[in-house]
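J.: Chain by chain, the residues run as shown.
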Amino acid sequence: MTNQKTPLRAGRGAIGGPVAGRVAGPGQLNLEDLGAAAPSTGESLIELARQYGLRPSARRPPIPEYLGQLWLRRHFIFAFATARNIALYTEARLGQLWQVLTPLLNAGVYFLVFGELLHINRGIPNYLGFVVTGVFVFNFTQRAFISTSEVMQDNIDLIRALQFPRAALPLGYVVIELQQMALSLAVLVPILLATGEPASWYWLLAIPALALQTLFNLGCGLLVARMSAHVNDVSQLLPFITRTWLYVSGVIFSISTLDLGGLGRSILQVNPAALYITLERNALMTSQRLSAPGSKPYNKALCQAWQTLGEKPGEPARYMYDSAYCHSAINPDHLWYYAVGWAGVALVVGFYFFWRAETGYGRG
Amino acid sequence: MVVVDDLHVVYKIYGRGHDRGTAAASLLRILGRKRRASIREVHALRGMSFVANRGDAVGVIGRNGSGKSTLLRAIAGLLPAEQGNVYTTGGAALLGVNAALLEDLTGERNVILGCLAMGMTKQQTKEKYQSIVDFSGVGDFIDLTMKTYSSGMGSRLRFAIAAAKSHEVLLIDEALATGDAEFQAKSHARIQELRSEAGTVFLVAHNLEEIELTCNRVIWLERGQIVEQGEDVISIVDRYIDASGGQPVLRDPVTRRRIKDQVRTAATTW
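Chains A and B, in that order, are what the protein sequence lines are. Residue numbers for the first sequence follow our numbering, so the first one is 1 and each next one is one higher. Residue numbers for the second sequence follow our numbering, so the first one is 1 and each next one is one higher.
These aren't lab readings, by the way, just hints derived from the structure by calculation. These numbers were taken from a predicted model, which means no experiment stands behind them. The C-beta atom is built at its ideal place from N, Cα and C for all residues, glycine as well. Among the hints, a few may not be true.
Unchecked claim - Chain A is nowhere near these chain B residues, computed Cβ spacing over 10 Å in every case:
#: 1; residue: 40
#: 2; residue: 42
#: 3; residue: 87
#: 4; residue: 88
#: 5; residue: 91
#: 6; residue: 121
#: 7; residue: 152
#: 8; residue: 162
#: 9; residue: 190
Said to hold, decoys possible - Here are some, though not all, of the chain B residues that point toward chain A, as calculated from beta-carbon distances under 10 Å:
#: 10; residue: 104
#: 11; residue: 177
#: 12; residue: 258
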């Protein structure tokens, strides 16, 4: 920022002390003796700064340079995530055991409620596996949102003390959630095997699906991190948003059963959470893949029979896989395109949005 | 090297509460946001220009609220300038008095993460680790979380981490005040070292003797403006003490060093 204004002269202090005599005129600017001189016009100072190759201290590096700095900090990002993850449970007596216990207990609750107490399946084969997979995958995105809404305020001391590209912090927080997700998966796999899902090569598809979800979470995390860097409002609002999101993303029911019409169901199905959940389920659960709407030619009678399956216990199991005869909300082959699209858009928008405010995060 | 050119910094303070209330309360607060329009502006720095050279150690003195910390934060690039600008050679590290790095992590983790965050490689971090721990002198406490540290130990470790890399600009905001005598001597030596590596050091301290011993220049701030600055550190410090109503310092007429209290009492009893 260049300005032509003459600066206020030093030495116009309110205190009746001695007058400062150190204000040198522009002509007197002596490069050998800069320390003592305080030139009185802004122009000569800007000139001087340029001469010595100085840069504004609150300078935002251009994107390629910024990405380079981030790459240099990759070890920091992972070390930061690991350290934070460990610190999460240092105050607990069981310590790191909680990393595995938390997803186990989560699954236990759903097993108790949906597997043992309610005996409902809402027309979905392996309903317990369906719910647990859905909850774990959704939790990954939900927790990424909530934790990145706190990252800048949590680490304000670190931001103020050291110079580093600030995007390293939300990135680190998303890596924490990814590490948690990996442990959740380790709990999920035995559950799926125990509920009758065979191991298959399709499981490998869970890896690209998870990778795309991680990229999506990264982009959103950067977005949320900036929005909540200075005000708490976003983190206050987030519980409402994520709860609504949970209910519209088919975590505990199938979107195909909703009485919304084709367009409504399509919109729900392409929302990123529903998308990544569906991809993970189709990858990990053979029962889901076989019953996925649209995987068989449309048959009105069979589809309706499936849709009217109540929540009463003891429904005939033979209709369970008939959801395959319904129209899919969107073409199942296109799910991956949408998944890539969401990840790309979130990443580009989130990164740009975060980078724009790079110099302001230390303000707190 | 640091060039500060007609720097103005204005804090905008929103009249916001600090409660993290219930979800319903937060929703109401967002809805009511328009009605809450009390933004207060505090003009913390009002036009400040100076140049600090490579190898300078600049002391910043002034009363509470005169803008010392704001100036340091602006130099570090943490506060956007309302008008004017700050130019520096490179990244600045700011050590504040209460700035724990990551207080729920162990000292060891803080050392490693601090080094990596400053852009060191894993290898460099490994090499520096022991010397940082030794310099900080926290000893066995390195395995404990930083929140268990005394304020002195915390500031020693922070200084040790930040000083492990030679910064072009090092900004110290009362960060050495809680250290003991041994550490002050060590940090003093390290500051001289950084200066000789062509770094610029800024030091905010209410302990004026520390400024006299460490700095070759001093800037006296009052209400966001420079009252006086120059290389005659001792005269400026004396005038500042005089202006703020402090007790004048007894000095040796030849060396202009402070005459210590015990010497003074001895002199009066004679």
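J.: Please flag the earlier hints that this structure goes against, numbers listed from lowest up.
T.: 3, 4, 5, 6, 8, 11, 12
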